[in-house]
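Chemist: Each protein sequence line maps, in turn, to chains A and B. Residues in the first sequence are numbered consecutively from 5, following our numbering. Residues in the second sequence are numbered consecutively from 164, following our numbering.
Simulated from the structure, these hints should not be mistaken for lab results. One or more hints might be untrue.
As the list claims (entries may be wrong) - With a cut-off of at most 25 Å between alpha-carbon atoms, the simulated BS3-like pairs for lysine-lysine come out as follows:
1. A:67 - B:377
2. A:89 - A:67
3. A:176 - A:203
4. A:205 - A:176
5. A:81 - A:176
6. B:377 - A:89
None of these values were measured; they are calculated from a predicted model.
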Amino acid sequence: MSNRLLEIENLTTSFRIGDGYYAAVDNVSLTVNRNEVLGIVGESGSGKSALAFSIMRLHNRAKIEGKINLEDTDLVKASTNELNKLRGDSLSMIFQDPLTALNPLMEIGAQIGETLVLHRPQMSKKQRYDRVIELLNLVGIPRPEHVYQQYPHELSGGMRQRVVIAIAIANKPQLLIADEPTTALDVTIQAQILDLIHKLKEEMDAGIILITHDLGVVAEMADRVAVMYAGEIVEVAEVHTLFENPLHPYTRSLLNSVPTEGQDKLHVIQGIVPSLKNLPRTGCRFAARIPWIDESAHEENPVLHEVSPGHYVRCTCHSKFYFPEEGKEGEANGAS
Amino acid sequence: MWKFIVRRLLVTFPQIVLLSILVFVMAQFMPGDALTGQVDPNVSPEIKQQIRERLGLNNPWYVQYTDWIGGAVTGDFGQSFRFKMPVTDLIEQRIYNTFWLSLVTLIFMYIIAVPLGIISGRYNDTWLDQTITGYTYLGFATPLFIFALVMLWIFGYQFGWFPTSGSVAPGLSPGSWDYVWSKFQHLLLPALSMALIGTVSTVQYLRSEIVDTKQRDFIITARAKGASESRVYNRHILRNSVLPIAAFFGWEITGLISGTIFIERIFGYPGMGALFLESVLMRDYSVVTALVLLFGVAAILGALLSDIILSIVDPRIRIK
Ligand SMILES: Nc1ncnc2c1ncn2[C@@H]1O[C@H](COP(=O)(O)OP(=O)(O)O)[C@@H](O)[C@H]1O
Ligand code: SF4
Ligand SMILES: [Mg+2]
Chain A
5 MSNRLLEIEN LTTSFRIGDG YYAAVDNVSL TVNRNEVLGI VGESGSGKSA LAFSIMRLHN
65 RAKIEGKINL EDTDLVKAST NELNKLRGDS LSMIFQDPLT ALNPLMEIGA QIGETLVLHR
125 PQMSKKQRYD RVIELLNLVG IPRPEHVYQQ YPHELSGGMR QRVVIAIAIA NKPQLLIADE
185 PTTALDVTIQ AQILDLIHKL KEEMDAGIIL ITHDLGVVAE MADRVAVMYA GEIVEVAEVH
245 TLFENPLHPY TRSLLNSVPT EGQDKLHVIQ GIVPSLKNLP RTGCRFAARI PWIDESAHEE
305 NPVLHEVSPG HYVRCTCHSK FYFPEEGKEG EANGAS
Chain B
164 MWKFIVRRLL VTFPQIVLLS ILVFVMAQFM PGDALTGQVD PNVSPEIKQQ IRERLGLNNP
224 WYVQYTDWIG GAVTGDFGQS FRFKMPVTDL IEQRIYNTFW LSLVTLIFMY IIAVPLGIIS
284 GRYNDTWLDQ TITGYTYLGF ATPLFIFALV MLWIFGYQFG WFPTSGSVAP GLSPGSWDYV
344 WSKFQHLLLP ALSMALIGTV STVQYLRSEI VDTKQRDFII TARAKGASES RVYNRHILRN
404 SVLPIAAFFG WEITGLISGT IFIERIFGYP GMGALFLESV LMRDYSVVTA LVLLFGVAAI
464 LGALLSDIIL SIVDPRIRIK
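Okay, chain B solo, but in the shape it has when bound (with noise of 0.2 Å):
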C-alpha cells in the first residue's frame, strides 16, 4: 500500500507543475498584466515601462513564472485591481465557504445515492428501479443552474423557508451557536440543490456496479454456501459495489468546483464560486488566475484522495 501511495505522490507533483504551467500560459495570454488597474491611466507610456522594468514584467517567461509560482507557493497571488486588495486576503474569506458548502453537498451526495443506488441495483427493472432511474435521467437532462433557480424560488422566496443569499445573517457574534447555525441554514439550500443534481450520476453508476456484481460467480458461490438473501447483498455484493465509488470520488470534486461556481452565483453566496464568476465578469484577472490554480490543484488532490482511499480498501492494491 505505501508503495503505491510513493508512487501515485511522485504522480501528483509533476500534475500540480504542469497545471501552473498551463495557468501561467493561460494567464500570459489575457489581456493586461499585474499593471493594468493599478496606476493612474494619466501616466505617461514611459513612466508605465519604468514601473514594468522594475516589477520584472519585461523579463523572459521562464523567470516570471519562477516570480509567479514562486509567488503563488508562499501565498502572494498579486493585488486585485477591483478590491484593491491582495488576492489571499480576497480569498481567504471566501474558502471556507465554499469548502463547508462543498463538504455538505458531498454528505447529501452520498445519503442521496448510496440507498437509491442499492434499491435500484437490488430491485432492477422493478417499478421502484424505474423510478429512481426516472429521476437520474431527470437530474441529467435539467441544467443545474436552472434548477437551483426553481428551488429557490420555490423554497426561499414563496415558502420562506431558507434565507436567499449570503452565507450568514447579520449582527451574530462569529463563534456561537447561533452564527454556526444560520451559516448552516444559509448553506443548506445550495447544497441541497447541487446534490439532488449532481448525485445522479453517482445513483446510476451505484446501480451498475451491483447489476454487474450480482451477476459474478462469486456470488453464486455465496449463495451455494447457503448464505441469505441479506448476507449475500451485505457481505458480497455491497462491498464489491461501492469499491468503484470510492474511485469516482475525485470526479466529485471536480464537479462540485463547476457546482459551486452556478450555485454560489445564484444563491448570493460569498464563496470562491461566485468570486470567479464575478472576476472572470470584471476582469480582475489576478484573482481569476489565482482561482483557476486552487480549483485544479483541488481537482488533483481529490483524485488522489480516492485513489489512497482505494489503495486502503482493496485487497488487490494494499497488498503490492
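Only chain A is shown next, with the shape it has when bound in the complex (with noise of 0.2 Å):
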C-alpha cells in the first residue's frame, strides 16, 4: 500500500500519576493515508492531545508503547537525533493556543526561518528571508515584510495562528497534525483559519490529522474520522457513512449535541470523561454515562469490529441502544 503514510499499531501513552502508569491512550490503531484528511474528535479530556504528541514524541515524560510507523520509520524507535530530523521537516503541528505557542522574544520572521535553519540549512540568508515573506503571503498575512520583523505580541490571535501554521508548512510536511487549530479563536477568525487549512490542503499533498470537538468542522475539512473516548478509538469510519449511519452511542450523542435548524434544545449526554485515574479499565467505558441501559446488554470487553468495509465500531450491541428522548430501539437509525 504506497498511499500508506501513516500506520499507528497498539499505541498506549500512560502518564505517571502518583504510584503508578495511566494510559491517555489506550491500545490506538489508526492509518492516515497521503492526501487524506482523518479527522479526530472527543470531548475535552478523550486523549486527542495526548496522542498527536505522541505522533510527534513530544511528551517529555510519558511511557509510549507500540508502534508509529510514519512512512519507513517508527517514531516510537526514532532516536533524538532521527526525530529532530522528521520535526518540523516532514512531520508537523499546529498547536491549540497561538496565544503561547510564540516565543515572545523572538521576531516573527525568525521564528519562521529557524524551522528552514534547522532543516535547510543550505539555504542563503536571502533565499530563507524569501521563503519566510512566500510563507507570510500563502498564510494570508498582510504586510509580510513589516510582519516579519515584527513581535508575536503585536499581533491579533488569529494573525499568530496563521504564523504558528506558516511555521508548520514552511518545509512542505507528509505529515501535518492540526490540535484544535481554532478553538482559542473567535467565530469569525475560526472561519477564516478553516479556509486557510482547508486551502492549504489543496496545495500541500499531504496527510492531515485534523483534532476538533466540532463535529461542523469534521463535516467540512475531513474524508475520515476517528471518533475518541477515554483514550480509546470507539468508532472510525469514512465522513459521510459517519453522519449517515451512526453507531456507537457516544458518536450518536456527539452528533445529537450539534444544533440543527429547528431543535434549539441541544443534546448533551450527561456527565463529563472520567479522569486518568478513575477511569474503569475493565468492560465498556462509555457504561457508566448511559446507565438507562440494561447492563447486561453490553459486551464485557468491546474491541473495535469492521460492521461494514472501512466502518468499525466498539460497540456490539449498538442496535439495541436508544437516548430516552429517541424512544425504544429501532427508532434511532441505530441498526446497520
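Two independent chains are provided; combine them into the complex using the hints.
Modeler: What follows is the structure, encoded as C-alpha cells:
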C-alpha cells in the first residue's frame, strides 16, 4: 500500500500519576493516507492531544508502547536525533493556543526562519528571507515585510495562528497534525483559519490529522473520522458514513449535541470524561454515562470490529441502544 | 522605548523628592542639630540661641528643608562633628571604595548565580539540582556577618591568603600597578563573602524561571520544529528566563547597600557602610543623614537602571 503514510498500531501512552502509570491513549490503532484528512473528535479529556503529542514524540515524561510508523520510520523507536530531523520537516504540528505558542522575545521572521535553518541549512540568508515572506503571503498575512520584524504580542490571535501555521508548513510536511487549531479563536477568525487550512490542504499533498471537538468542522474538512472516548477509538468511518449511520452511542450523542435547524435544544449526554485515575479499565468505558441501558446488554470488553468496509465500532449491542428522547430501539437509525 | 524611559524618569524624580523629605523628617527627630558638638559646652544658652538664629535653625521646617536640600544638591551636607571636617569630604574618600566593592561583589554574584541557576533549572530534581538548592537554603539561613567572620578567620587569619583589614597596603603610590592590585586583593575577600550569601536569591530565581519557561508552549513549538535540546535552551529558554533577572537588578543594589554596612565593618574596609555604622554609634548625625539620603538615592537609581535595561531587552516594553 503505497498510499499509506502513517500507521499507528496498538499505541498506548501512559502518564505517571502518583504511584502508577495510567494510559491516556489506550491501545489505539489508526492509519492516515497521503492526501487524506483524518478527523479526530471527542470531548475534552478524551486523549486527543495526548495522541497527537505521542505521534510528535513531544511528551517528556510518558511511557509510549506500540508502533507509530511514518513511512518507514517507527517513531516510537526513533532516537532524539532522528526525531529532530523529522519534526518540523516531514512531520509537523499546529497547536491549539496561538497566544502562547510563539516565543515572545523572537521576531516573527526569525521564528519561521528557524525551521528553515534547522532543515534547510544550505539556504542562504536571502533565500531564507524570501521563503519566509512567501510563507507569510501564503498564510494570508498582509504586509509580510513589516510583520517579519514584529513580535508576537503585536499581532492578533488569528494572525499569530497564521504564523504558527506558516511554521508548520514551512518545509512542506508529509504529515501535518492540527490540534484544535481554532478552539482558542473568535468564531469569525475560526472560519478564516479553517478556510486557510482547507486551501493549504489542496496545495500541500500531505496527510492531515485534524483534531477538533467541532463536528461541523469535521463534516466540512475530513475524509475519514475517528471518534475517541476515554483514550480509546470507539468508531472509525468515512465522513459521510459516520454522519449518515453513526453506530456507537457516544458518536450518536455527539451528533445529537450539534445544534441543527429547527431543534434548539442541545442533546448533551450527561457526565464528563472520567479522569485517568478513575477510569474503569474493564468493560465498556461508556457504560457509566448511559445508566438507563440494562447492564447485560453490553459486551464485557468491547473491541473494535468492522461492521461494513472501513466502518469500525467498539460496541456490539449498538442496535439495542436508544436515547430516552429518541424512544425505544429501532426508532433511532442505529441498526445497520 | 524612549516613551517608557521618559515616563520612568518622570516617576523617579518625585520618588527622590519624597525620599529627601523622609530623610529630613528623620533628621529632625534625631537628638541634636548642626550645632551639636560644634560649640564649647560652656557657652551660655543665650549665645547658643543667637547662633541658632543666625544659622536658620529656628526657621519653619519647610525653610529649613529648602536650605538643607539646596545644600545637599550642591554637595554641602554640613560638618561631621567627630571628624571635624565637611561630610562631603569624608564621603568622597570612601565612596570609591564602596563603589568598587559593590561592583566586584555584583560581578561575583552573577558569575556564581548564572551557571548554578541554569544547571539547577535545566536538571531540576536531580542530585545536582538538590545540591545547589541545598546551598541556596544554607545561604538564606546564614546571617551575612557570621559568614563573613568565618571567612575572615579562615582565609584571612588561618591561611593568611588575604589582607585582614583596610582597602590598600600602606606606602604604595596611587595609580601604580601595585596600588591597584593591592586594592583588588583587599576587596576580594569581602566581595566574595557578600556574593556567596547574596547570590542565593538570584540562583533560586533563575532556577524557577527556567523550570517555568521549560514548560511553556513556545518551547514545545521549538521542539516541534526539530530544534535540538541545546538549541532549545540557548535560543528559547535562557533568554526568556534571564530577562526577569534584569528586573531583579535594582533589588540587588538595595541588598548590596545593607550588605556593605556589615561587611565593611567586619573587614575594616574604609567605605560608606563602615562609616555609616560608626556614625550611628558615635551619633554623628549629619553624616548619618547624608548617607541615608545617598543610599536611598542609589536604591532608587538601581530600580531605574533595571527598568531601563528591561525596556531595552524586552520587546514587549521596547515597542510601545
Ligand atoms: N502530561 C500529562 N500528565 C498526566 N496526565 C495527562 C497529561 N497530559 C494529559 N493528561 C491526561 O490525559 C487525559 C487526556 O488529555 P488530553 O489528551 O489533553 O485530552 P484532549 O486533548 O482530548 O482534551 C486527561 O485526563 C488529562 O488529564
Ligand atoms: S457496549 Fe454497551 S455500554 Fe458500550 S457503547 Fe455499546 S451499548 Fe454502550
Ligand atoms: Mg487537547
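Chemist: All hints are to be evaluated individually against the structure, with a verdict given for each.
Modeler: Outcome of the hint check:
For the given pair, residue 67 of chain A sits about 20 Å from residue 377 of chain B by alpha-carbon distance, which is consistent with the 25 Å threshold. The suggested pairing of residue 89 of chain A with residue 67 of chain A holds, with an alpha-carbon distance near 22 Å, which does not exceed 25 Å. Annotation: proposed proximity of residue 176 of chain A to residue 203 of chain A holds, straight-line Cα distance about 14 Å (limit 25 Å). Restraint check for residue 205 of chain A and residue 176 of chain A: the C-alpha separation of about 11 Å stays at or below 25 Å, so the hint holds.
Restraint check: the Cα-Cα separation between residue 81 of chain A and residue 176 of chain A comes to about 24 Å, which is no more than 25 Å; the hinted pair holds. Straight-line distance between C-alpha atoms of residue 377 of chain B and residue 89 of chain A comes to about 21 Å, which keeps the hinted pair within the 25 Å bound.
The structure meets every hint from the earlier list without exception.
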